[in-house]
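Sequences and hints are given; from them, build the entire structure.
So the protein lines, in turn, are chains X and V.
So the first sequence is residues 1 to 254, counted in this note's numbering.
So the second sequence is residues 255 to 582, counted in this note's numbering.
Bear in mind the hints are in silico, worked out from the structure with no lab data behind them.
Bear in mind the structure is a predicted one, so any value in this text is a computation, not a measurement.
No residue lacks a Cβ here, since even glycine has one placed at the ideal position from N, Cα and C.
The hints are all genuine.
Just the calculated beta-carbon pair ranges, DEER-fashion:
#1 X/Ser150 <-> V/Ala280: 52 to 58 Å
#2 V/Gly362 <-> X/Pro237: 45 to 51 Å
#3 V/Arg562 <-> X/Pro237: 17 to 23 Å
#4 X/Ala201 <-> V/Glu290: 57 to 63 Å
Below are the DMTMM-like pairs computed for lysine to aspartate or glutamate, each with C-alpha atoms no more than 20 Å apart in a straight line:
#5 V/Lys376 <-> V/Glu561
#6 V/Lys363 <-> X/Glu38
#7 V/Lys450 <-> X/Asp249
#8 V/Lys378 <-> V/Glu551
#9 V/Lys304 <-> V/Glu283
#10 X/Lys228 <-> X/Glu11
#11 X/Lys10 <-> X/Glu181
#12 V/Lys475 <-> V/Glu529
#13 X/Lys147 <-> V/Glu568
#14 V/Lys378 <-> V/Glu366
#15 V/Lys450 <-> X/Glu244
#16 V/Lys475 <-> V/Glu536
#17 V/Lys413 <-> V/Asp494
#18 X/Lys10 <-> X/Glu175
#19 V/Lys450 <-> X/Glu241
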Amino acid sequence: MNENTIAAIKELLYKMADDLLIIGHRNSEWTGLGPILEEDISFSSMAQDKIGQAQTLYNLLHELGEQEPDTIAFMRNANLFHNAQFVELPNNDYDFSLMRHFLYDHADQLRFEMLAHCRYEPLAKVARKVKGELKYHVFHGNIWVVKLGSANEMSHNKMQAALNLAWNYALGMFEEGPFEELLKSEAIFEGEKSLQEKWLANITPILLKAGLSIPEPKTWKPVLGGRKCEHTAHLAPLVEEMSEVFRYDPTANW
Amino acid sequence: MYGNAYIDPNDKSHAIIAGEDPQKLAEFEDRISRGEKVEPKDWMPAEYRKQLIRMIEQHAHSEIIGALPEGTWITRAPGFRRKLALMAKVQDEVGHAQLLYSAAETLGKSREAMINDLITGKSKYSNVFNYPAYTWADACIIAWLIDAGAIINQVANAKGSYGPYGRALDRICTEESFHLKYGHDNVVTLATGTLKQREMVQAALTRWWPPIMHFFGPSDKISNHTEILMRWKVKMATNDDMRQQFLNMYVPKIWDLGLTLPDKNLKKNAAGTWEYTEPDWEEFKRVINGGGPCNAERLAVRRMAEERGRWVREALNTAESKYIIPLA
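Following this line, the structure appears as C-alpha cells:
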C-alpha cells in the first residue's frame, strides 16, 4: 500500500472508532438510570459492544503505526477527535437516546456490511465480526422505535420531536472526507454518499411503521465539521471525564 | 451485592403467628426442616411471605442503588480493559435486581409497588450505598470487599427455604464471584502500583472500613427476632457469624497487600475468633434512617430516573407485558 492509501485508511478508521467510543460512552451513561431495568441492561450491553469495537479499530490503527489504543483513546484532547457531532450530544431524555441509537446503528451496520468486502483484509475481517453484533443493536432500535412511535400520543410526540432534533445531526454522520475517491478506487470503501442512500432506504419503512415522519428534504441541513475535529461544547467535558483517572498518573499501570 | 436484611426493631409483627392454622403451620415447618423448598403457590404463613418480600425487595433495591456509586466510575475508568469490565460488572448488578424483583413478585408484590416503596423511602436498601465513592480506588474497594461480603451473605441465603430466591441467588453468586476477582485484581494493581495509586487505595480502604463492618447488620447482642426467621430458613446465618467469616477470609489478604486497617483492636485471638472495636451502631441506625452522606442523593437520582422514564413505562403498559414468572 502506498502512503496515500494508508492515510485514507487511517482517516476512515479514526472516524469510525471515535464514533463508537463516544456513542458507547454516552450509552454507558444510562447505567442505573434507564426507564426500566431491561433498558438499563440493553444500553449497557450495547455500550460494551461499541467500546469493544472502538478498541478493535484503534488496534488496527496501532498496527498502522499509531499509538496504543489506551493512549489514543485516553490521552487525546477533544480537538483531535474525528467523531460526528451527533454522537457527542448529551443523552437528553430516553426518546433522544433511543432515536440516536436507532439512526446511528442503522448507519453503522451498513458501514460494516460494506466494509466486510473491503480490500484491506484486516478491516474486512473485523467488519465481518462486528456486523454480527450490530444486527442485535439494530433489532433493538427497530422494536423500540416502532413501539414508542405508535404506543400513545405522548410517546408518539416525543419520538417525533426526537427525530426532528436528531435529523440534521444524523446527516452529519455522512460528512465526506478528503479520501472518498481514493477509498472507492482502491475498493476499500464505497463512500459516504452511497452509505447515506442505503441508510435512508433502510430506516424509511421502519419510521413509517412507527408512524413517524422524516423531516422535509428541503429543511435538511447536515451538521458537518466533526470529521474535521470541529465539535460542540459537549465533547471536551466528556473527554475530560473519560480520561480523568488515566491522566491522574499517566506513568501508572491501571 | 447486598448486606444483611435490616429489620426495623420497632416492628412487632414478627412475633405474630396468631391466626395461622396450627396444622398447616406444623406441616409447613416440617417441610422446611426436611430441607424441602417452598414454591410460589404453596401455603405459607403470612409472616413468612411478608419477611421474604421485605428481604428480597431490600436485596433488589440494593442492586439498583448499588449501581449508582459504581456507575459513576464507568465514564472515568482508566483504559479499555477496566472500562469494559466495570460496565459488565454494573450491568450484572442491574440484572440481579431484575432477577430479584421477579422472585419477589412471585410472593404477590409488583415491581412497581416495590420501586414506589423504594423512592418514597418506605423500603430500605443496603446501608453501604449511602456512602460516596470519592475516587476510582473507592470503586475498586467496593468491587472487592463489598462484593466479598455480599457473597458470604448470599451463599448462605441461597440455601434458604424459598425456591425462587434460592435459585436466583445461585445465579447471582456465580456472577459475584467474577466481580470479586475483578475487584481484587484492581486493588492489587493499585496497592502494588505507583505512590499515588497506593495512597489512593489506602485512603479508600480507610474510608470504607466502618461501612464494611456495618455491612452484615447489627451485632447479635442487639439484634433480636432472628430465631423464627432462622427456623423457617429465611435467614441462614447470624450477622456476627457472617462478619467473622468475612474477617477471617479477607483481613489476611488485605494485610498481605501492605495495606492497613483503621482499627487498632483488630486481631485474631487464641480461640480463632476475630476481635475488633465494636462498630458504631448508632451511626448505622442514623444512616439507615436517612442521615447518611448520600441517602438523599441516591433516592433523588432514583426518583428522577423513575419520573423521567414514566412515559416509557406507560407506553409499554399493556396486559401482555405483565408477568409473575420467576426468571430463575
